[in-house]
Amino acid sequence: MRRNIDETGRKARMIAGALIEAPGLFLVAMRFTGTVDGTWPWIVGVSLILAGQVMLLEGVFGWCALRACGVKTPL
Numbered sequence: 002m003r004r005n006i007d008e009t010g011r012k013a014r015m016i017a018g019a020l021i022e023a024p025g026l027f028l029v030a031m032r033f034t035g036t037v038d039g040t041w042p043w044i045v046g047v048s049l050i051l052a053g054q055v056m057l058l059e060g061v062f063g064w065c066a067l068r069a070c071g072v073k074t075p076l
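Numbering-wise, my numbering comes out as the position in the sequence shown, counting from 1, plus 1.
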């Protein structure tokens with residue numbers, strides 16, 4: 002994979018990934034401890050964690066999947 006985002010885009014994706022992953026971890030922790038019931042905290046929490054991880058990896062590697070598909074992202 003060849004880098005397709007600059008340093009500003011990398012930092013933005015890493016910050017956004019951490020901000021998206023944090024509520025996911027919170028939801029999964031709340032469901033794990035029994036504070037909330039149902040399956041929705043697992044589904045939403047794991048989805049947020051996975052999305053955050055993808056964004057963090059894009060930032061680390063400097064490669065954006067959307068840009069690779071031809072979408073022009075602002076950063």
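Just so you know, not all the hints are guaranteed correct.
[To be verified] Result set (EDC-like, lysine to aspartate or glutamate): computed pairs, CA atoms no more than 20 Å apart in a straight line: (1) 73 x 8; (2) 73 x 22; (3) 12 x 22.
[As the list claims (entries may be wrong)] Just the calculated beta-carbon pair ranges, DEER-fashion: (4) 40 x 5: 21 to 29 Å; (5) 41 x 19: 16 to 24 Å; (6) 39 x 7: 39 to 47 Å.
Derived from the structure by calculation, the hints contain no laboratory data. Owing to the predicted nature of the structure, the values given are computational and were not obtained by experimental measurement. Even glycine gets a Cβ: it sits at the ideal position worked out from N, Cα and C.
Results for each hint:
no. : hint                : in the structure
1   : 73 x 8              : holds, 16 Å
2   : 73 x 22             : violated, 24 Å
3   : 12 x 22             : holds, 15 Å
4   : 40 x 5: 21 to 29 Å  : violated, 37 Å
5   : 41 x 19: 16 to 24 Å : holds, 23 Å
6   : 39 x 7: 39 to 47 Å  : holds, 42 Å
Taken one by one, the earlier hints fail for this structure at numbers 2 and 4, listed in ascending order.
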